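J.: We have chain A already, so just place chain B on it with the hints.
Listed here are the chains, written in short residue letters.
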Amino acid sequence: MTARQERWLARGLEVTVPILVLVLWGVLSAGSETYYFPPLTDILTTFKDTWVFERVGSDVVPSLERMAAGYGIAVVVAVGAGLLLGLSPRARRAAAPIVEFLRAIPPPALLPFAILVIGVGSSMKIFIIAFVCLWPILLNTIDGVTSVDPTLRETTRVYGISPRDRMRRVMLPAASPQIFAGMRTSLSLALILMVISEMVASTNGIGYFVLQSQRTFAIPEMWSGILLLGILGYTLNGAFVLIERRVLRWHRGARASALS
Amino acid sequence: MATLARSARRPAPRLRVPDALLPWLSVLGVLVLFDVLPRIGVLPENHFPPISKTLGTLADQFTTESFWKAVGNTLQGWALGLGIAAALAIPLGIVIGSSRLLYRATRGVIEFLRPIPSVALIPLAILIYGTGLKSKVFLASFAAFWQLIVATLYGVQDVDPVATDTARSFGFSRIQRLFRVTLPSAIPYIATGVRIASAVSLILTVTAELVIGSSGLGRSINVARSGGDEQLMYALIIATGILGLALNTIFVLAERRVLHWHPSHRPGETAA
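These protein sequence lines map, in sequence, to chains A and B.
Every letter in the first sequence is one number past the one before it in the numbering used here, and letter 113, counting from 1, is 113.
One rule links them: number in the numbering used here = place in the second sequence (from 1) + 260.
If you're looking for bench data, these hints aren't it; they were derived computationally from the structure.
These numbers were taken from a predicted model, which means no experiment stands behind them.
Each hint should be verified, as a subset may be incorrect.
[What the hints assert, rightly or not] Derived Cβ-Cβ restraints for the label pairs, each shown as a range:
1. B:315 / A:84: 49 to 59 Å
2. A:88 / B:315: 21 to 31 Å
3. A:117 / B:355: 41 to 51 Å
4. A:68 / B:512: 25 to 35 Å
5. A:41 / B:355: 25 to 35 Å
6. B:516 / A:153: 42 to 52 Å
Ideal Cβ positions, reconstructed from N, Cα and C, are used throughout, including at glycine.
The shape of chain A in the complex, shown without the other chains (with noise of 0.2 Å):
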């Protein structure tokens, strides 16, 4: 096989094989009597019946607006907590321990407490993809400050330019494609947080409906929920991509050049 064929047949592979996968479902699954596991066929029209656009106002909508209040809180307490502990290496060294400390307490631990302290509402839910979401960005953001090229950092310092501009025009770009990195973990991570934080207290939202159509026994609903997490966590990461790929353009073309 040439090598020219051989692209070609990985090409085709790529899209092949996803679809394959799909109809294999549909196929092993049309007419299946098992009631865990519907017809492909099935879950698909209730998904239309239940998403295309009947419940979206009232579960969709209300889901994601917490999604990006928690993430936008994270992003902007992160990115500024990060920078400032960046620059300063004895106030790195006192919050590591209550950095890490914070860090290592899985999530879920925290909502209990959450519940406690804020209730079981919207801000509880927003509070904790926020927390959750906080960490791996303000990590990330910390070692793209600490690595920012110290030549940069003096030049900037001995042409007079005002902490102001250096953290914006400088440290901040410098550290971005590093911000970006932590971002994008922490985007799945407000998906995930979302979908528990609703499970365990809400009335509304897309993880409440999967959890009440699995204990109404509504299993094609069930699944249509499940699908459309895994539609949103699928779109919500390839929008991501596509603007850090915008954003950090200038980033891409000064490493290609540096590189040629």
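T.: Leaving out everything else, chain B in the frame of chain A:
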């Protein structure tokens, strides 16, 4: 030059806290803060018991059998979840990663399944496996699996092609190449993957205990909350944090020991 600049900027020597003391001081500060604030009424005492009392409760817990049983249950879920995920993901990752065609064929499926939040499968786990250990292990291994397979794939593909070609031209067989070239250079990636997967496995174990009610620390926390025993709840949350920290530390130390030969663990060098 840096030291010169620093000393020039700070002509008068001031009283400074030694760097080594800083972490201890900050921990002490936080502890004192959370002990004093509830006592003087800044934080509501019914929601935030003074930390000294909480730590006392934690110390009491260390002597009870039920606490250690809960820890044991959680650890069991964590270990089985991680173990199953590793047994499936690492070999699979090596096989898929070694073949370009196989990698391209499965990439779409992996990339689609990976971002699916594993917690979405909680209802399914309850249906199929009930509320016991099996559910917990299923969720934990599902979540850990994706971390590990992606890390393994990266590792296998990042093998220096010159090394592989050299081994091939020296007449190494496929198996020999796998054990002498591919695996050693992929192992740092796999080790990082295992460390992250361990954290993920613990998170999912606790989630399962909390949401499904399988026995373990997660359920104990929830029981303490609904029973109105806040001190116990905080003590158990702290215990969970200590457990997470301990597992992570063990993996970091083990990694450093096992991979001491690797450039990323040699002093003065950083992994690219």
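J.: Each of the hints needs a verdict: does it hold here or not?
T.: To see whether the hints hold, each was checked on the structure:
1. B:315 / A:84: 49 to 59 Å: violated (30 Å)
2. A:88 / B:315: 21 to 31 Å: For residue 315 (chain B) against residue 88 (chain A), whose Cβ atoms are near 30 Å apart, the range 21 to 31 Å holds.
3. A:117 / B:355: 41 to 51 Å: Holds: the Cβ-Cβ distance is about 49 Å, inside 41 to 51 Å.
4. A:68 / B:512: 25 to 35 Å: Distance hint for residue 68 (chain A), residue 512 (chain B) holds at roughly 34 Å.
5. A:41 / B:355: 25 to 35 Å: holds (33 Å)
6. B:516 / A:153: 42 to 52 Å: violated (29 Å)
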